Every structure is written in structure tokens, then in C-alpha cells.
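Q: Sequence:
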Amino acid sequence: MNKPMILKALLAELEEELRRLMAANEQASAGATDSEARAETKWDTCGLESSYLARGHAQQFQALVAAVENLRAFTAPDFSGRPIGIGALAEVEMGGEAMLFFLLHCGGGIDLTVEDREVTVITPESPVGTALLDKQPGDSFSFRAGVEGKILHVE
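Counting from 1, one number per residue, gives the positions in the sequence shown under the numbering used here.
Be a bit skeptical, because a hint or two may be false.
Below are the DSS-like pairs computed for lysine-lysine, each with C-alpha atoms no more than 27 Å apart in a straight line [claimed, not checked]:
#1 Lys3 with Lys150
#2 Lys8 with Lys135
#3 Lys135 with Lys150
#4 Lys135 with Lys3
Hints were generated in silico from the structure; no laboratory data involved.
Being a predicted model, the structure only gives us computed values, none of them experimental.
Given the sequences, and given the hints that come with them, work out the whole structure.
A: Put into C-alpha cells, the structure is as follows:
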């Protein structure tokens with residue numbers, strides 16, 4: 001599997017998310033500063049709530065910008081014969097099904113289709129990421145929920 005192609009697909013997905021966040025931020029900012037948002041009574045908090053929303057969108061946007069910049073500079077190392085770490089692409093068997101997981105610091109939960117294969121991006125903080133970290137092909141893993149799996153291949 002081609003890790004640079006997966007990174008490229010992930011970057012495209014994250015850049016689209018940046019566009020969505022920017023539009024949401026602009027809309028929330030406009031709502032916060034709109035003359036209609038001014039408080040008409042002391043209980044009217046529409047403008048205040050809009051400003052909190054705009055601030056939250058701006059913080060999400062900045063965090064995602066930083067993640068995209070880090071991802072652009074990232075080169076995934078080869079993990080053949082090494083324990084799973086950041087940048088590893090692991091094929092695992094869970095519940096009788098083979099799945100591909102790409103361990104990165106950002107983009108967790110995003111499903112990508114690359115070379116006709118579905119790849120799920122996971123982070124070290126996720127349950128799957130925690131279970132796979134530092135494991136090698138042939139190792140088994142499990143979750144609290146009772147789900148078990150086996151690592152088939154790592155690159």
C-alpha cells in the first residue's frame with residue numbers, strides 16, 4: 001500500500017474540512033456582530049452565544065491548520081520489522097474481517113479509499129491506536145468491550 005497516496009488523500013480531506021470550518025466561522029462571526037444579535041433584554045444572550053460559537057470555530061480552525069501543516073511536513077517511515085508507531089500502516093484482522101489502520105497524530109476517524117482499499121486513520125489516543133501501539137505482526141490485541149484482533153502486516 002502506498003503511504004504517500006494515503007497522506008495525500010488525508011490532506012485533501014482535511015483541507016476540505018478547513019474550508020467548511022472557515023465558512024462556519026464566517027457565518028458565526030457575522031451572526032455575533034449583526035445588529036439583530038444585540039441584546040434587547042438582559043436575558044437575551046443570542047449575540048453572546050454567537051460570539052462563543054465564533055470563538056470555538058476559530059480555535060478548531062487554528063488547530064486544524066496546525067495539524068495540516070505538520071502533516072504536509074510528515075514522511076511516514078517504514079515499520080517493517082519494527083513495533084507500530086506514528087506513521088505505521090497496519091493490516092489487522094478483527095471479527096473475521098481484514099482492516100487497514102494508519103496511525104497518525106491527526107485525522108483520527110477519517111475513512112479513506114486508496115487503491116480500492118478502505119483505510120481508517122487512527123490516533124494513539126483512540127482505543128484502536130492504544131491497542132496497536134508498540135505491537136508487531138503476529139501480536140494479538142483486545143479492547144475492554146471484548147473485541148479481539150490480530151496484527152497481520154505492518155509497513
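Q: Looking at the structure, which of the earlier hints fail to hold?
A: none
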